[in-house]
Amino acid sequence: MSRYISFRDFDWVLLVLVLLICSLGVLEIYSATLSTKFMGVHLKQVYWILGGVGLMFVVSFFNYQALLERVPLLYLISIASLVAVEVFGKKYLGARRWVQLGSFHFQPSEWVKLVLILAMAKYFAETKSECTAQDIVKAGALVGVPMLMVLVQPDLGTALTYIPIAVMGLFLGGMKARHALVILVLGALLAPVGWHVLKPYQRDRLTSFMEPEADPQRHGYQVIQSQVAVGSGGIFGKGTAHGSQTQGQFLPVPHTDFIFAAFAEEHGFLGAMGLLLLYFIVLMRLVQNAQTAPDRAGAFVVMGVVAVLAFHVLVNVGMVVGFMPVTGIPLPLMSYGGSSVLFMFLALGIVMNIRMRRFVN
Amino acid sequence: MFGRDEKVSQLRLTAVQYVLLGIFLVLAFGLWRLQVARSGYYSTLAEQNRIKQVPILAPRGKILDREGRIIVDNYPSFSVLLLRDQNRDLQADADKIATGLHIPPDELRARLKRMAAVPGYQPLFLKDDITPDELAFIESHKEELPELDTITVHRRLYPRNGFMAHIIGYVGQVSEDMLTQPQWELYNPGDIVGMSGVEQYYNDILMGKNGSRQVLVNSRGKEVGTLSDVAAVPGKQLKLTIDLDLQIAAEEALEGRPGAIVAMDPRNGEILAMVSRPAFDPNEFAVRITRDEWNQLVTDPGKPLLNKAIQAQLAPGSVFKVIMATAGLQEGIAQNLVITCGGGKTFYGRFFKCWIAGHGSHGTVGISKAIYQSCDSYFYTLAEKLGISRIAKYATMLGLGQKTGIDLPQEVSGVMPSEEWKIKNFKQKWYAGETISVGIGQGAVATTPIQLARAVGAVTSDGVLVRPHVAFPDQFPPGFKQVANYTDKTNIGLDQENWMTITDALAAVVSPIGTAPSARLPGIDFAGKTGSAQTISNQLKAKMGSSEKSKYKDNGWFVGVTPRRNPEIVVAVLLEEGEHGYFAARATAQVIKAYVEKQRTRQTQVAKAGGAAAGSKQAEVAAVWHEGDAKTPDKMQAGRFTVSADGKTKPVTAAPGVGGTDKPTSPADLETTESHVEMAHPETEPPAESRPTPPATSPELQAPPAAKKPGKPTITPATTVVPGRQP
Numbered sequence: 001m002s003r004y005i006s007f008r009d010f011d012w013v014l015l016v017l018v019l020l021i022c023s024l025g026v027l028e029i030y031s032a033t034l035s036t037k038f039m040g041v042h043l044k045q046v047y048w049i050l051g052g053v054g055l056m057f058v059v060s061f062f063n064y065q066a067l068l069e070r071v072p073l074l075y076l077i078s079i080a081s082l083v084a085v086e087v088f089g090k091k092y093l094g095a096r097r098w099v100q101l102g103s104f105h106f107q108p109s110e111w112v113k114l115v116l117i118l119a120m121a122k123y124f125a126e127t128k129s130e131c132t133a134q135d136i137v138k139a140g141a142l143v144g145v146p147m148l149m150v151l152v153q154p155d156l157g158t159a160l161t162y163i164p165i166a167v168m169g170l171f172l173g174g175m176k177a178r179h180a181l182v183i184l185v186l187g188a189l190l191a192p193v194g195w196h197v198l199k200p201y202q203r204d205r206l207t208s209f210m211e212p213e214a215d216p217q218r219h220g221y222q223v224i225q226s227q228v229a230v231g232s233g234g235i236f237g238k239g240t241a242h243g244s245q246t247q248g249q250f251l252p253v254p255h256t257d258f259i260f261a262a263f264a265e266e267h268g269f270l271g272a273m274g275l276l277l278l279y280f281i282v283l284m285r286l287v288q289n290a291q292t293a294p295d296r297a298g299a300f301v302v303m304g305v306v307a308v309l310a311f312h313v314l315v316n317v318g319m320v321v322g323f324m325p326v327t328g329i330p331l332p333l334m335s336y337g338g339s340s341v342l343f344m345f346l347a348l349g350i351v352m353n354i355r356m357r358r359f360v361n
Numbered sequence: 001m002f003g004r005d006e007k008v009s010q011l012r013l014t015a016v017q018y019v020l021l022g023i024f025l026v027l028a029f030g031l032w033r034l035q036v037a038r039s040g041y042y043s044t045l046a047e048q049n050r051i052k053q054v055p056i057l058a059p060r061g062k063i064l065d066r067e068g069r070i071i072v073d074n075y076p077s078f079s080v081l082l083l084r085d086q087n088r089d090l091q092a093d094a095d096k097i098a099t100g101l102h103i104p105p106d107e108l109r110a111r112l113k114r115m116a117a118v119p120g121y122q123p124l125f126l127k128d129d130i131t132p133d134e135l136a137f138i139e140s141h142k143e144e145l146p147e148l149d150t151i152t153v154h155r156r157l158y159p160r161n162g163f164m165a166h167i168i169g170y171v172g173q174v175s176e177d178m179l180t181q182p183q184w185e186l187y188n189p190g191d192i193v194g195m196s197g198v199e200q201y202y203n204d205i206l207m208g209k210n211g212s213r214q215v216l217v218n219s220r221g222k223e224v225g226t227l228s229d230v231a232a233v234p235g236k237q238l239k240l241t242i243d244l245d246l247q248i249a250a251e252e253a254l255e256g257r258p259g260a261i262v263a264m265d266p267r268n269g270e271i272l273a274m275v276s277r278p279a280f281d282p283n284e285f286a287v288r289i290t291r292d293e294w295n296q297l298v299t300d301p302g303k304p305l306l307n308k309a310i311q312a313q314l315a316p317g318s319v320f321k322v323i324m325a326t327a328g329l330q331e332g333i334a335q336n337l338v339i340t341c342g343g344g345k346t347f348y349g350r351f352f353k354c355w356i357a358g359h360g361s362h363g364t365v366g367i368s369k370a371i372y373q374s375c376d377s378y379f380y381t382l383a384e385k386l387g388i389s390r391i392a393k394y395a396t397m398l399g400l401g402q403k404t405g406i407d408l409p410q411e412v413s414g415v416m417p418s419e420e421w422k423i424k425n426f427k428q429k430w431y432a433g434e435t436i437s438v439g440i441g442q443g444a445v446a447t448t449p450i451q452l453a454r455a456v457g458a459v460t461s462d463g464v465l466v467r468p469h470v471a472f473p474d475q476f477p478p479g480f481k482q483v484a485n486y487t488d489k490t491n492i493g494l495d496q497e498n499w500m501t502i503t504d505a506l507a508a509v510v511s512p513i514g515t516a517p518s519a520r521l522p523g524i525d526f527a528g529k530t531g532s533a534q535t536i537s538n539q540l541k542a543k544m545g546s547s548e549k550s551k552y553k554d555n556g557w558f559v560g561v562t563p564r565r566n567p568e569i570v571v572a573v574l575l576e577e578g579e580h581g582y583f584a585a586r587a588t589a590q591v592i593k594a595y596v597e598k599q600r601t602r603q604t605q606v607a608k609a610g611g612a613a614a615g616s617k618q619a620e621v622a623a624v625w626h627e628g629d630a631k632t633p634d635k636m637q638a639g640r641f642t643v644s645a646d647g648k649t650k651p652v653t654a655a656p657g658v659g660g661t662d663k664p665t666s667p668a669d670l671e672t673t674e675s676h677v678e679m680a681h682p683e684t685e686p687p688a689e690s691r692p693t694p695p696a697t698s699p700e701l702q703a704p705p706a707a708k709k710p711g712k713p714t715i716t717p718a719t720t721v722v723p724g725r726q727p
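As given, the protein sequences belong to chains A and B, one line each in that order. The first sequence begins at 1 in this note's numbering and counts up one residue at a time. The second sequence begins at 1 in this note's numbering and counts up one residue at a time.
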């Protein structure tokens with residue numbers, strides 16, 4: 001096995017696209033936090049990005065196959081860290097999601113995502129193209145266990161992001177159409193049970209998504225204000241630092257979950273479409289990397305990243321334009337937040353890793 | 001190596017790409033829908049979010065008396081506004097707001113519901129004149145309840161105790177319900193408009209134009225900038241023809257008895273004083289009046305809301321004889337008519353009593369004696385000779401049975417019966433017998449005090465009829481209402497000889513030979529006519545017991561002038577259940593006296609101009625001042641000030657140039673009138689056992705009962721002004 005790898009094979013195009021999105025994010029964080037108590041956090045975001053890029057380079061040097069071999073261990077650590085959150089975690093805004101390490105607030109559920117991507121890849125790399133019912137149950141359990149643990153934190157948003165990992169794995173693993181049908185029917189049957197399990201505030205979010213005007217003051221408020229922000233941006237936008245919804249703090253958390261709304265208000269339809277296009281190109285580029293991956297496991301890993309990224313974009317932008325309920329899922333690469341940024345670059349590091357080894361053997 | 005040869009299905013990867021494309025197309029559609037298709041709608045919403053419209057309320061114009069003294073002022077107070085364009089769930093906040101502002105939650109919810117139809121940029125006035133702790137509640141809940149805002153309101157400050165209440169009227173808020181009615185549709189909810197009196201009649205003058213301020217706010221309601229500022233246009237001040245000195249004299253003369261007084265300058269129709277009692281306190285209307293208080297006012301049998309000077313339609317009684325005399329003389333009948341009064345006379349087979357019946361008779365009566373002795377028999381005869389048509393003609397020429405056109409709302413017309421009138425209203429023929437009662441101002445005749453003042457004023461002014469008004473017409477923009485008419489004068493063409501006869505006879509009324517000798521004013525050329533009118537018919541009265549009878553006492557009237565010919569002032573007094581015309585005559589005398597004295601002191605002062613400041617004499621002036629007592633701050637008190645004239649300062653509100661006079665009110669004059677009491681010849685009632693009680697007022701004219709020491713006279717320098725004479 002040749003160990004020849006080179007930065008010539010590094011996906012510079014992808015990196016540039018990603019950094020472009022990141023810089024738009026930093027710009028919008030700057031604009032949205034002007035004259036708020038969060039003013040200046042865009043600089044912190046820059047440090048996170050720089051750290052993320054560094055991490056990405058480091059990760060791209062290690063052979064991803066070594067990572068895959070250690071998946072059982074990583075998986076156990078993940079479960080353990082989720083248990084640790086339950087036991088030692090800090091309660092913040094009604095949910096126990098964070099562990100404090102030194103001065104850092106660490107959110108294990110983000111990293112679990114990565115481990116799940118690797119676990120799915122490893123699982124399906126070892127199966128044949130046929131995907132049996134047994135495989136579905138096993139893969140489902142792999143994802144389901146940590147997902148349930150995150151749900152009880154409770155962090156519905158993050159828990160939901162585990163689903164596309166499983167779906168993508170099953171789909172690429174060759175799940176048969178009738179199996180998919182059975183799962184869908186089962187899901188539909190279990191939905192009322194799920195509704196029962198949801199916390200009241202989560203139900204409110206869902207109902208206010210259906211009927212925002214019924215409760216304009218609380219949960220509907222975010223939905224309405226977000227649409228007002230996006231809609232009033234018009235085609236050309238109001239300009240950086242001139243969005244009345246963003247600057248007047250009518251838009252909730254405009255530098256994290258609603259950053260896309262803030263961006264759309266200040267940069268209009270043209271800006272928002274450009275940004276969407278960047279995400280689309282990034283995703284296409286990732287799929288292309290999957291197609292050229294040296295092995296089945298590599299392709300699965302890349303597609304897992306695609307699944308997570310696409311899901312985030314879909315749910316977040318969908319929420320901003322009123323197609324999706326408010327779930328508290330950040331927009332990757334844009335939203336302010338260290339865990340999210342580091343996760344993305346770590347994931348991209350693994351993708352680079354795979355890409356750089358595409359000519360191996 | 002695991003599954004190296006088994007590549008991932010390229011087909012499925014391509015499928016993923018298409019799914020991704022689909023997702024992005026859907027999201028792009030979402031953006032297009034908001035940002036292109038419905039951008040205008042959301043832009044409006046965004047503007048509403050950040051722009052807050054705050055009204056700036058225009059103060060209403062002050063109301064002044066003829067000398068520029070303030071009668072009605074404004075004082076600042078806070079009102080709570082509920083901004084309805086803040087994208088807040090108001091129903092959800094209703095409980096919290098209701099608790100903090102002490103409003104019943106149900107009432108608040110109901111009002112919110114009613115306001116739903118009104119455009120959202122119009123705020124709702126939640127509560128007026130809020131207390132300091134309510135203000136604190138709003139300030140401390142700015143973030144939680146950004147829809148609450150306070151606004152400085154200029155609230156009306158009226159004289160208290162109902163002083164001038166009926167002329168001034170009161171203001172009220174245009175309610176949400178009223179907006180649906182056509183006369184209010186041009187107003188906005190919360191607008192303060194006049195609801196009666198000059199406040200209503202001259203609302204367009206007094207009411208300013210509210211301005212507004214558009215401010216930029218953030219989501220917490222904090223102002224971050226101003227977009228536009230439209231200044232409020234304050235209302236214009238209104239100068240009334242009322243003379244505060246005379247108004248106070250008139251209020252005092254009525255002594256709180258039910259009735260009315262009108263004092264008018266018959267040369268130009270300027271109303272100098274107008275009182276109606278019982279009265280209401282307009283200050284209670286200045287802030288939202290409770291339903292109970294309102295119902296109490298409406299159902300009060302004394303009808304305190306009614307301005308009796310223009311809204312009481314009552315039989316004029318013997319005052320009508322002035323009109324009868326005019327008609328009789330002008331038609332050439334009365335000059336030669338001499339009758340013998342036998343305590344009454346028989347017409348058409350029925351005996352009509354003269355008031356003298358039981359106390360003797362008037363003997364031989366000509367027109368003069370008929371007037372000053374108020375002989376009913378004479379006027380029955382005259383009425384029979386004139387016939388209803390000619391009586392109605394002169395009465396109508398003198399303005400009876402029709403509105404005088406005074407610039408006050410809701411004036412009533414009264415009734416002057418005639419043949420046509422009866423056919424029109426009763427589909428019946430006029431019976432000649434009815435004419436007889438009309439001859440002494442009974443029967444169907446119904447007049448208002450202002451009509452009688454105007455008619456008697458016209459007769460004594462050689463037949464020149466003027467149009468009464470309470471505001472100077474020259475202060476309005478051209479074409480404003482019917483103000484142009486106020487200079488209207490009609491001359492009914494009275495013969496000189498007849499004029500002399502009537503006026504001399506009227507002067508004799510207050511002489512020892514007349515019906516109201518106790519009202520005589522030495523040194524003043526005072527003339528007038530008494531009247532006492534039955535409120536129910538004699539037949540009905542006969543059926544009642546004495547206790548019931550006392551409930552239906554006669555109304556007392558007097559209309560007096562000075563001087564007797566071409567008078568400067570005519571005063572009509574109505575004392576409801578006043579029994580005898582001479583009680584009303586004495587009240588009239590009090591007002592006339594106050595008028596004459598004021599004229600004389602002014603002349604004296606003109607004569608002494610220059611040397612006036614030398615003495616440290618005191619002068620009395622009427623004024624309305626802010627009373628700063630702790631319980632009811634800032635009420636306005638009408639009354640008199642004694643102004644020292646040591647040259648240092650002059651009171652701000654006092655009449656200009658009164659400072660140097662050396663003629664304070666002399667108590668002597670009124671005392672002399674009491675010596676005439678025993679000479680009284682009351683009408684319709686026996687004089688002997690019902691010797692009239694002397695007037696309750698002490699001879700010295702006092703401030704009204706409640707005219708206590710003004711705690712902090714804010715509009716007058718406290719060092720020089722002391723309150724009016726204390727009892």
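Simulated from the structure, these hints should not be mistaken for lab results. Built from N, CA and C at the ideal position, the CB exists for glycine as well. Do not take every clue at face value.
Only some residues are given here: those of chain B computed to face chain A with a beta carbon under 8 Å [stated by the list, open to error]:
hint, residue
1, Lys7
2, Tyr75
3, Ser79
Between beta-carbon pairs, the in silico distance windows are [as the list claims (entries may be wrong)]:
hint, chain 1, residue 1, chain 2, residue 2, range
4, A, Phe236, B, Gln237, 32 to 42 Å
5, B, Leu216, A, Arg8, 50 to 60 Å
6, A, Ala180, B, Leu21, 19 to 29 Å
7, A, Leu20, B, Ser140, 31 to 41 Å
8, A, Val145, B, Glu139, 51 to 61 Å
9, A, Gly194, B, Leu216, 13 to 23 Å
10, B, Leu21, A, Gly194, 46 to 56 Å
11, B, Ala110, A, Leu278, 46 to 56 Å
12, A, Ala188, B, Asp95, 38 to 48 Å
13, A, Tyr201, B, Ala15, 29 to 39 Å
14, A, Leu190, B, Arg109, 53 to 63 Å
15, A, Leu34, B, Lys7, 46 to 56 Å
16, A, Leu270, B, Leu216, 39 to 49 Å
Hints, one by one, checked against the model:
no. : hint                            : result
1   : Lys7                            : 6 Å, holds
2   : Tyr75                           : 37 Å, violated
3   : Ser79                           : 25 Å, violated
4   : Phe236/A - Gln237/B: 32 to 42 Å : 53 Å, violated
5   : Leu216/B - Arg8/A: 50 to 60 Å   : 55 Å, holds
6   : Ala180/A - Leu21/B: 19 to 29 Å  : 20 Å, holds
7   : Leu20/A - Ser140/B: 31 to 41 Å  : 48 Å, violated
8   : Val145/A - Glu139/B: 51 to 61 Å : 54 Å, holds
9   : Gly194/A - Leu216/B: 13 to 23 Å : 44 Å, violated
10  : Leu21/B - Gly194/A: 46 to 56 Å  : 30 Å, violated
11  : Ala110/B - Leu278/A: 46 to 56 Å : 54 Å, holds
12  : Ala188/A - Asp95/B: 38 to 48 Å  : 41 Å, holds
13  : Tyr201/A - Ala15/B: 29 to 39 Å  : 37 Å, holds
14  : Leu190/A - Arg109/B: 53 to 63 Å : 42 Å, violated
15  : Leu34/A - Lys7/B: 46 to 56 Å    : 50 Å, holds
16  : Leu270/A - Leu216/B: 39 to 49 Å : 26 Å, violated
Consistency note: the structure conflicts with the earlier hints numbered 2, 3, 4, 7, 9, 10, 14 and 16.
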